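Here the protein sequences come in this chain order: A and B. The numbering used here applies: residue 1 is where the first sequence begins, and numbers increase by one. The numbering used here applies: residue 1 is where the second sequence begins, and numbers increase by one.
Just so you know, these hints were derived from the structure itself, not from any lab. Don't take every hint at face value.
Derived, one-sided and incomplete: chain A residues facing chain B with beta-carbon distance under 10 Å [stated by the list, open to error]:
#1 137
#2 141
#3 145
#4 148
#5 170
#6 172
#7 180
#8 218
Nothing here was measured: the structure is a model prediction, and the numbers come from that model. Ideal Cβ positions, reconstructed from N, Cα and C, are used throughout, including at glycine.
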Amino acid sequence: MLGVSVNKFLRLLVVAVLTVSSSLGYAQGALDEVMKNKVLRVGIPTDFPPYGFVGTDLQPQGLDIDMANYLGAKLGVKTELVVVSSANRIPYLQTKKADLVISTLGKNPDREKVIDFASAYSPFFQAVFAAKGLSVKGPQDLGAKTVAVTRGAIEDLELTKVAAPGTDIKRFEDNNTTVSAFVAGQTQVIATGASVAGNMMAKNPKLDVEYKFTLKDSPNFVGVAKGEEALRAKVNAIIAEAKKAGDLDRMSQKWLGRPAGDLPQ
Amino acid sequence: MIALDFAPVLAEWPALAKGLGLTVVLTAVSAVLGVSLGIVCACVRAYGSQFGKMWVAAYVELIRNTPFIVQLFFIFFGLPSLGVKLSPELASVIAMVVNLGAYSTEIVRAGLEATPKGMWDAAKSLALNKRQILRLVVLPPALKSIWPAMVGQIIIVMLGSAVCGQISAQELSYVANLIHSRNFRAFEATMIAAAMYLALAMLVRQLLMWLGPRYVYKH
């Protein structure tokens, strides 16, 4: 009995070793793989407008999708979109189910331990938005104005810190209620995240809302599997080019209503 | 076991007091207006024209069969599209008045219908007109008999004002929610808010039971 199970175990072990070694032998750079297969697999969100969402034609669209297609085009390969969620986007990179992740990924030390980051490609920010006609250049102009914000969100904390005395901050339960209050005209100004504001502006073009000033910046980076230096360098080069050519600003303007601005490397 | 720490919440007592103050104001204004509206509507429903009865019935059924928060959202988020923009506080008061008005209509009507027909006949034989009969003869005993139910309804509306924080009226629940969104002491903040509501409800009940016989249905 015991002999059989040991035998089985050994056999399994041999299979395991062979698998690992073959995958090691196979592990040429991700960039070589991409160029050889002529396919760039990019993890993108579909639940986070305007960065990534599904349009009425059921096709993913948004800033992250545009960026993924842009990188593929610059590499001269086909872009294959892989839908990821916030929870599984890093495992997708680690298990090589995607070559890149372009999914509103912020950089932090914990994530840097498990994946590498190429340059930032788009801003993510909490900001103040209002109608074009309303003059708001900075927090000092908020005094005596009504501002809608979601209670307890980052933008609430930042706004409370900087708003001029006399600012009438109206706090609501969640993003939907905050947006409803602003869209209904119950407040003059709204402080919210870029994605919420982008969505709101897209659905309510009549309000003629524009970006006023930023409360907090946390730009999005392109995620690369750990150690894929060649791919990372190539992506960085393309992003640097795109920045110089103004393509990043154009994408950001299109989806977020403001230029990308000065993004970190 | 959670370690309870009330100090960070109690440190915000000026905000809590201000929130309690707005809850009291909302309740006071809507109690006076709501009960008045209820009395008028009940009289119309009991003795008014067919047309008046129909309108009051529609109002009562509409309000009593829809949730308060939906009525509140309708006033705050819906009316602006018709060009009516109200502050959160005013929207809250209107929602509470309209809500209390509908419920108190039915409460007062019960009192009116319980009034013996003989009282009307007796009053008529004294050559009082319809309005005088209502005000002097029929309403006082009717209000007296339904007053405890009315007080209960006012307290229900007062506790219902907790949802007015959803449209950013800065009443007690709004303040409690704001406090625990900052210091994450949710359990403590809601416990303190609950204790304040309890104390306020008991106080309001005592006050209204005292006020009733002296000012609402004088003998």
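Structure-based check of each hint:
1. For residue 137(A), the interface hint is violated, the least distance from its beta-carbon to any beta-carbon of chain B being 25 Å, above 10 Å.
2. For residue 141(A), the suggested interface contact is broken, since its CB lies about 21 Å from the closest CB of chain B, more than 10 Å.
3. At a threshold of 10 Å, the smallest CB-CB gap from residue 145(A) to chain B is about 14 Å, leaving the interface hint violated.
4. For residue 148(A), the interface hint holds, the least distance from its beta-carbon to any beta-carbon of chain B being 8 Å, beneath 10 Å.
5. The interface hint given for residue 170(A) is met, as the beta carbon of that residue sits about 4 Å from the closest beta carbon of chain B, less than 10 Å.
6. Among the interface hints, the one on residue 172(A) holds; its C-beta lies about 6 Å from the nearest C-beta in chain B, closer than the 10 Å criterion.
7. Against a cut-off of 10 Å between C-beta atoms, the interface hint on residue 180(A) holds, since the closest Cβ of chain B lies about 5 Å away.
8. For residue 218(A), the shortest C-beta to C-beta distance to chain B is roughly 20 Å, which exceeds 10 Å, and the interface hint is violated.
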